[in-house]
Amino acid sequence: MSPDRKESLITVSNPRSPISEAYRTLRTNLEFSSLDKPIRTMVVTSAGPEEGKSTTLANLAVTIAQGGKRVILADCDLRRPSQHKIFGVENGRGLTTMMVEEEALKDPPLQETGIENLWLLPSGPIPPNPSELLGSRRMEEIIEALLDRADIVLFDAPPVIAVTDAAVLASKVDGVLMVINAGGTKREHAQRAKALLEKVNVRIIGAVLNNVPLDVSLHRYYAESMG
Amino acid sequence: MIDIHSHILAGLDDGAQTLSDSIAMAEMAEKDGVKRIVATPHNVYWEASLNRERVVSLVADLQSELSSRRIEVEIVPGVEAYISPDLVEHLRTGRAFTLGGTRYLLIEFPLSGYPIYTEKVIFELQVKGITPIIAHPERNAVLMREPDLLQALVERGCLAQVTAASLVGVFGQLVREIALAFLENNLAHIIASDAHTLSHRSPILSKGVEEAARVIGSERAIAMVEEIPAAILRDEKIEFEPPTRYKPRRKWFWRK
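If you're matching them up, the sequences are chains A and B in order.
Mapping to this note's numbering: the first sequence position 113 is 113, numbers consecutive.
Count along the second sequence starting at 1, add 1000, and that's the number in this note's numbering.
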């Protein structure tokens, strides 16, 4: 495992930690919130940069896979892709390869993650026109191709406020999960992000509050076992 | 040492003009400790009929001339591909081709500009599995002024090659300081000669490496003419430290 991966994937390195427990709660909440219409495609994004959406998403993907579902995590942050770094895999071929190559659309360049039931579709080379690609008919074909191979497909998308990518992609999926950095994200930024998504008729499934200070007294039993 | 950028082939561009020029350049390189040279003639605006076959056959001719004179330098076919919207098409027709048949393509920008189609062309190449190497960014008027553009290219997976003569000061103090700053900030990965003649842009690499060593240390400087170009010619994927934000040196004239 690369050092990046050890740092970022706490659900792999320490599945009994309170943080991993919080991810399992998130998984359950997501299932519960969509009982009547199961979510099969979901975009995870944030209002601005550096809020931890990619790490949160990677751990959520691991947790859903640990629950037994087949998961594909697709890195659609075509501006600053990071999932390949988190999972320590190559980024030579990926989503953008599927955009231009017929063969890759039929046989997606999925990467093994070392975690059962979880595959990563890295971003591939960074294109000059990300929002155009994510809004294309071809992107819908890619989503279909990925759904053929998984129970749930999770998409990492750039922050909502800076660029239109997330909103464009969100209109093609079942719903959006917002990652909000407690104490980091400005209230009006979160509200603006929500408004931007609602404008394009996107279903916001919920928000994850990230970086909440742990109340150690509540978790001492677990905290002691953290390595 | 290995030199991945040289206009040693005669009569194709503004580099060597005659066979004896080529031989003298190879001799000079050999004395400097260079074991392998990638011959990289300009592919577009000098010679209309240049293609891979022609370069391969000229390389073979030069190699046998060098062998008969016991000059122990290996020549590898390559090209310095001028960036253009149809560069991918040139790869198909053989007018552009990679260094020694590897994944690495040496790309030249116009010295004065940064074409609007740059990112599109880079993407088209990368999707085909090609890793672009940007030739001498320290001499490009736009990248000199806006190193953020180079940083973005490197973050997209491009490599960059600085010219040994730039490090020595042949193109002036500003180019020299910018070249050193690029090295310092992981914005360049290879040192090559871009040799055209015996003087000015000569085949000598060692002096540029010495200058680089003063800023980034000799181990990293030597890797830029040894391990890294060797890995390139073995067609290996190379991991580099990510670029750091380029901070212009407070005084770029403090060295003599």
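Keep in mind that the hints were calculated from the coordinates and are not lab data.
We treat Cβ as the ideally placed atom computed from N, Cα and C, and that holds for glycine.
Incorrect hints may have been included.
Stated by the list, open to error - Here are the simulated lysine-lysine pairs, PhoX-like style, with alpha carbons at most 25 angstroms apart:
hint	chain 1	residue 1	chain 2	residue 2
1	B	K1031	B	K1237
2	A	K106	A	K199
3	B	K1128	A	K85
4	B	K1120	B	K1237
5	A	K69	A	K172
6	A	K106	B	K1128
7	A	K194	A	K172
8	B	K1035	B	K1237
9	A	K199	A	K186
10	A	K85	B	K1120
11	A	K186	A	K37
12	A	K85	B	K1035
Claimed, not checked - Selected chain A positions facing chain B (in silico; Cβ < 7 angstroms):
hint	residue
13	T97
14	P125
15	I126
16	P128
17	L209
18	P213
Right, here's what the structure says about each hint:
no.: 1; hint: K1031(B) to K1237(B); result: 30 angstroms, violated
no.: 2; hint: K106(A) to K199(A); result: 34 angstroms, violated
no.: 3; hint: K1128(B) to K85(A); result: 21 angstroms, holds
no.: 4; hint: K1120(B) to K1237(B); result: 22 angstroms, holds
no.: 5; hint: K69(A) to K172(A); result: 22 angstroms, holds
no.: 6; hint: K106(A) to K1128(B); result: 17 angstroms, holds
no.: 7; hint: K194(A) to K172(A); result: 17 angstroms, holds
no.: 8; hint: K1035(B) to K1237(B); result: 22 angstroms, holds
no.: 9; hint: K199(A) to K186(A); result: 20 angstroms, holds
no.: 10; hint: K85(A) to K1120(B); result: 24 angstroms, holds
no.: 11; hint: K186(A) to K37(A); result: 32 angstroms, violated
no.: 12; hint: K85(A) to K1035(B); result: 36 angstroms, violated
no.: 13; hint: T97; result: 6 angstroms, holds
no.: 14; hint: P125; result: 3 angstroms, holds
no.: 15; hint: I126; result: 5 angstroms, holds
no.: 16; hint: P128; result: 4 angstroms, holds
no.: 17; hint: L209; result: 30 angstroms, violated
no.: 18; hint: P213; result: 30 angstroms, violated
Comparing the model with each earlier hint shows violations of hints 1, 2, 11, 12, 17, 18; every other hint is respected.
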